[in-house]
Amino acid sequence: MLQSIIDAHNIKNGNTLWDLSSVFYTRNLKTEMVFCVPFSQSEHGDFTEMAYTIRYPEYKPSDEEWTIRQSGVYHRLNRKTKQSLYIVFNPTPNSKMHQALLSNLQSDDSKSSFWLHQTLFATYVPAWRHYIASLERRFLPIANTAAATYINEELRIGHGHLSSLISIQKDFLQIPTILEAAGDVLTELNALVSSDLANQETQKLKNIQRQCETYSRTATHLQQRVQITAQLLADTLLFRDQVLANEQNGNMLQLNRSAVFLTTLTLLYLPASFLTSFFGMNFFAMDQQDNKIIGTPMIWIFVVSAILLTVATFIMYNWLSSHEAFFRTMAPKKWMPADLNIRKLTRRLTANKTTDRATGV
60 MLQSIIDAHN IKNGNTLWDL SSVFYTRNLK TEMVFCVPFS QSEHGDFTEM AYTIRYPEYK
120 PSDEEWTIRQ SGVYHRLNRK TKQSLYIVFN PTPNSKMHQA LLSNLQSDDS KSSFWLHQTL
180 FATYVPAWRH YIASLERRFL PIANTAAATY INEELRIGHG HLSSLISIQK DFLQIPTILE
240 AAGDVLTELN ALVSSDLANQ ETQKLKNIQR QCETYSRTAT HLQQRVQITA QLLADTLLFR
300 DQVLANEQNG NMLQLNRSAV FLTTLTLLYL PASFLTSFFG MNFFAMDQQD NKIIGTPMIW
360 IFVVSAILLT VATFIMYNWL SSHEAFFRTM APKKWMPADL NIRKLTRRLT ANKTTDRATG
420 V
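If you're matching positions, the sequence shown starts at 60 in the working numbering and goes up one per residue.
Watch out, some of these pointers could steer you wrong.
Pairs of lysine to aspartate or glutamate residues, derived as EDC-like cross-links and limited to a Cα-Cα distance of at most 16 Å, are as follows [claimed, not checked]:
{"id": "1", "residue 1": "Lys265", "residue 2": "Glu247"}
{"id": "2", "residue 1": "Lys229", "residue 2": "Glu91"}
{"id": "3", "residue 1": "Lys141", "residue 2": "Asp105"}
{"id": "4", "residue 1": "Lys141", "residue 2": "Glu108"}
{"id": "5", "residue 1": "Lys71", "residue 2": "Glu117"}
{"id": "6", "residue 1": "Lys229", "residue 2": "Glu272"}
{"id": "7", "residue 1": "Lys155", "residue 2": "Asp105"}
{"id": "8", "residue 1": "Lys71", "residue 2": "Glu108"}
{"id": "9", "residue 1": "Lys139", "residue 2": "Glu102"}
{"id": "10", "residue 1": "Lys265", "residue 2": "Glu306"}
Hints are computed from structural coordinates only; laboratory data are not their basis. Just so we're clear, the structure is a prediction, and the values are computed from it rather than from any experiment.
Please take these sequences and the hints and turn them into a complete structure.
Below, the structure written as structure tokens:
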């Protein structure tokens, strides 16, 4: 269909349209998440062609979350007749841009040759403020909790909060890059409008460009704050682990002292206990007539049994030492909170949903 449009309107630089359409595809991975087709301009006789794409946030009420989408514009302007051909690439049918264009076309106001570009930016650029504010609302509770946390008290934060901060930091990190690309497009459009239209239209585009710069600076500032808070949280967790490690070292030292004390007692009492057990088995008896100690000839049973039991014990120890998996099955299992299991299950169940959000088309 795109080729038929190129042929019908005799578009000289058809590759530009194909470049615009190439960024709209289903993504299974988070590829080209901040890529925007740069502003391109070409002239053929009386015609000036320009094309670009921009990215912007859009709120999805059904999912109650924000997603990054993109739209593309191709504009061919006849400098003599002032007639224009517009081709707009929207990610969804009946998008906000589509509704805004219909509203502008139905109005009786006079339009400049660049009215569509102004409509595009005026429709989507203000959404950046609300998107940044939503990220800030996710970030501030964690930041306030991390700042008010004492190492020697029970922590109200954990590694889950650190993962949330990293996710928020990634969202903030892409904003300046996307807005910088939009700013470059606005700079080029301003240059074209300045040579073709009155100062009023140029001023409108410059105002939108200033908004992009403001949102970019705000996102950069918040991204740095998130990075600082994430570092603070990581250090707090690290110091807390060190405190717990010191407590455990103290407990281990106390246990070692107890073990040394018990070992000393064992060395003192073991010989006497062994003699008591050995002579208590009646291997020896006193001959009342001769006043001599006589021993039973069956003592060999005790000696042989003790040797065999010792050998069997060493054989079993060597076998178990060569099969470490057996010891791992006997090791105590690490307790995992139920809510952590639920979060892991939720991540699996929402994997497709996350992939759809990452698509951004």
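How the hints compare with the structure:
Of the pairs offered as hints, the one joining Lys265 and Glu247 holds, with about 11 Å between alpha carbons and a cut-off of 16 Å not exceeded. Straight-line distance between C-alpha atoms of Lys229 and Glu91 comes to about 14 Å, which keeps the hinted pair within the 16 Å bound. Straight-line distance between C-alpha atoms of Lys141 and Asp105 comes to about 10 Å, which keeps the hinted pair within the 16 Å bound. With a CA separation close to 13 Å, the supplied pair Lys141 and Glu108 stays within the 16 Å bound.
With a C-alpha separation of about 34 Å, the suggested pair Lys71 and Glu117 falls outside the 16 Å cut-off, and the hint is violated. Straight-line distance between C-alpha atoms of Lys229 and Glu272 comes to about 19 Å, which puts the hinted pair past the 16 Å bound. As the CA atoms of Lys155 and Asp105 are separated by approximately 32 Å, the hinted pair breaks the 16 Å bound. Proposed proximity of Lys71 and Glu108 is supported: the alpha carbons are some 9 Å apart, at most 16 Å.
As the CA atoms of Lys139 and Glu102 are separated by approximately 13 Å, the hinted pair is consistent with the 16 Å bound. In summary, the hint linking Lys265 to Glu306 is not supported, as the alpha carbons are separated by about 61 Å, beyond the 16 Å threshold.
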